[in-house]
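Asker: Sequence:
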Amino acid sequence: MTERRQPQLRRPIIVWFRDDQRLADNPALSHAVSSGCPVVCVYVYDAEPRHGRSLGAAARWWLHESLRELDRALRSLGGSLVLLSGAERETIEAFASAVEAVEVCWNRRYSAAQRQTDASIKSALEAKGVLVSTFNGHLLREPWKVTTREGQPFQVFGAYWRAARLGFSPEPPQPAPDGLPFYSLPERARTLAVDLIDLKLQPHAPDWAAGLRETWTCGENGAQQQLQHFLAHVLDGYAASRDAPAHDGTSKLSPYLRFGNISVRQIWYAALATAQSESIPGEHLHRFQDELGWREFSYHLLFHFPPLHEVNFRRQFDAMPWRHDAQALRAWQRGKTGYPVVDAGMRELWRTGWMHNRARMVVASFLIKHLLIDWREGESWFWDTLVDADEANNPAGWQWVAGSGADAAPYFRIFNPVLQGQKFDARGDYVRRWVPELSRLPDVSIHAPWLAAPAQLEAASVRLGETYPFPVVDHPQARMRALAAFDALRGGAALERGDR
1 MTERRQPQLR RPIIVWFRDD QRLADNPALS HAVSSGCPVV CVYVYDAEPR HGRSLGAAAR
61 WWLHESLREL DRALRSLGGS LVLLSGAERE TIEAFASAVE AVEVCWNRRY SAAQRQTDAS
121 IKSALEAKGV LVSTFNGHLL REPWKVTTRE GQPFQVFGAY WRAARLGFSP EPPQPAPDGL
181 PFYSLPERAR TLAVDLIDLK LQPHAPDWAA GLRETWTCGE NGAQQQLQHF LAHVLDGYAA
241 SRDAPAHDGT SKLSPYLRFG NISVRQIWYA ALATAQSESI PGEHLHRFQD ELGWREFSYH
301 LLFHFPPLHE VNFRRQFDAM PWRHDAQALR AWQRGKTGYP VVDAGMRELW RTGWMHNRAR
361 MVVASFLIKH LLIDWREGES WFWDTLVDAD EANNPAGWQW VAGSGADAAP YFRIFNPVLQ
421 GQKFDARGDY VRRWVPELSR LPDVSIHAPW LAAPAQLEAA SVRLGETYPF PVVDHPQARM
481 RALAAFDALR GGAALERGDR
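Note that full-length UniProt numbering has the sequence shown beginning at 1, numbered continuously upward.
Treat the hints with caution; some may be incorrect.
Quick list of simulated restraints, FRET-style, between CB atoms [to be verified]:
| no. | residue 1 | residue 2 | range |
| --- | --- | --- | --- |
| 1 | Ala488 | Arg213 | 33 to 41 Å |
| 2 | Glu310 | Ala453 | 44 to 52 Å |
| 3 | Thr467 | Pro307 | 22 to 30 Å |
| 4 | Asp443 | Glu150 | 39 to 47 Å |
| 5 | Ala273 | Ala488 | 48 to 56 Å |
| 6 | Val194 | Ala127 | 24 to 32 Å |
| 7 | Ala484 | Glu278 | 50 to 58 Å |
| 8 | Glu214 | Leu451 | 28 to 36 Å |
| 9 | Thr191 | Arg287 | 51 to 59 Å |
Calculated from the structure, these hints are not laboratory results. We put the CB at the ideal spot given by N, CA and C, even for glycine.
Kindly produce the complete structure, drawing on both the sequences and the hints.
Answerer: Right, here's the structure in full:
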């Protein structure tokens with residue numbers, strides 16, 4: 001398609017894409033189009049941010065694919081995405097000067113480090129006479145807009161979600177622009193741009209991303225395809241099916257939300273419309289909306305209680321007697337703990353960059369409570385291996401399981417991995433898919449192969465300690481060790497003790 005360029009009669013407006021890599025329902029982009037100014041679309045990659053976290057490996061892979069798709073979408077409108085590399089403040093300032101921008105606009109971010117960076121950039125640009133406009137393109141409600149009656153942040157999800165929804169309806173999503181008046185870059189600006197390959201986001205030697213490529217279609221079109229699949233095949237029955245890891249019972253929209261390939265408003269209204277038009281029982285829609293609400297609550301916590309991935313929300317957990325066991329940690333990371341449902345979850349993660357939500361809770365509980373390893377070790381591993389690794393959801397989820405977070409599961413809730421497997425993967429389909437060396441075991445034995453009869457093991461070609469490991473820890477002993485550690489943390493307080 002021939003590029004349509006605005007004559008260089010007016011100074012341009014820069015749209016700075018971040019975690020909003022889409023054209024539809026993008027408030028910053030809509031603002032730029034409505035300004036009447038020629039538009040420059042940019043993305044800045046900072047491999048080693050001075051503040052905040054560097055992206056994990058799986059997220060970098062997704063970013064490469066997502067940026068490529070965003071560029072394709074912009075080219076269909078006659079322009080392109082300008083890629084920049086370096087520290088965000090210096091890079092944006094230099095580029096704004098090079099194109100003589102009249103304005104820079106972006107959609108807001110919410111971690112303390114990101115807000116600090118954005119405030120610094122805003123001040124520097126405005127000092128040079130460049131207007132800055134920012135918008136909410138990531139959440140239904142921004143963190144400072146939902147407070148208790150005393151004006152304080154919420155610390156309990158139920159109370160937060162009731163307050164967030166009271167008398168509130170999200171703004172309807174906006175369509176993608178039909179066209180953009182793109183600005184032709186001057187030479188001094190073109191020299192600042194880099195090619196996507198220069199960002200070195202893809203894995204090399206070895207290329208471990210084959211499973212990710214098989215699993216995901218990244219970008220805005222991929223997000224819409226996944227949304228339509230969810231609405232057509234999963235939403236009706238969601239409340240009942242979402243806990244079975246072997247089934248297609250979840251939305252799988254989390255990585256698209258993470259990178260903003262789709263907005264939460266688009267998902268909210270699409271689910272609502274489908275539920276109404278298809279007469280889907282309210283329990284399924286409401287359960288799905290609650291999951292979107294948990295995402296909102298996680299950002300509420302990220303904003304008000306940083307740094308969520310480093311510091312226990314409940315500071316009494318600072319005294320927790322964590323164990324340092326590199327061998328056990330490695331067995332957990334590789335999916336070789338000897339507990340089949342745990343290993344299935346960890347291998348699904350490694351292969352696809354994603355893990356079913358029920359499995360996430362089970363593997364997290366196992367690391368924290370069976371192995372007594374610091375939740376931050378698990379959060380860090382997920383940060384590197386999940387395509388949906390999110391600065392809010394990831395640490396909030398880990399702290400919830402650990403018992404150290406806001407409105408967290410009590411520490412004494414210790415998932416029994418055998419019972420969890422039997423309850424949510426009764427036929428063993430999930431285990432058979434991801435732990436194929438156990439695939440020939442009967443249903444009754446697949447979640448506890450060490451209890452199987454020798455004849456069953458032999459018939460299934462399972463040799464414990466050789467083809468599949470013995471459990472790295474005994475469940476009853478590990479459970480009592482964890483409870484003792486928590487009793488010490490609580491000063492010996494009596495605790496309810498029940499396997500789940």
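Asker: Does each hint fit the structure? Answer for all of them.
Answerer: Structure-based check of all given hints:
Checking the proposed 33 to 41 Å range against Ala488 and Arg213 shows it is violated: the Cβ atoms sit about 47 Å from each other. The supplied range of 44 to 52 Å is met by Glu310 and Ala453, whose beta-carbon atoms lie about 48 Å from each other. The hinted window of 22 to 30 Å between Thr467 and Pro307 is violated, with their beta carbons roughly 43 Å apart. The hinted window of 39 to 47 Å between Asp443 and Glu150 is violated, with their beta carbons roughly 53 Å apart.
A hinted range of 48 to 56 Å for the beta carbons of Ala273 and Ala488 is consistent with their spacing of about 52 Å. Checking the proposed 24 to 32 Å range against Val194 and Ala127 shows it holds: the Cβ atoms sit about 27 Å from each other. Distance hint check: the CB atoms of Ala484 and Glu278 are about 51 Å apart, consistent with the given range 50 to 58 Å. A beta carbon spacing of about 34 Å between Glu214 and Leu451 agrees with the range 28 to 36 Å that was offered as a hint.
A hinted range of 51 to 59 Å for the beta carbons of Thr191 and Arg287 is consistent with their spacing of about 52 Å.
The structure does not agree with the numbered hints 1, 3 and 4 stated previously, though it agrees with the rest.
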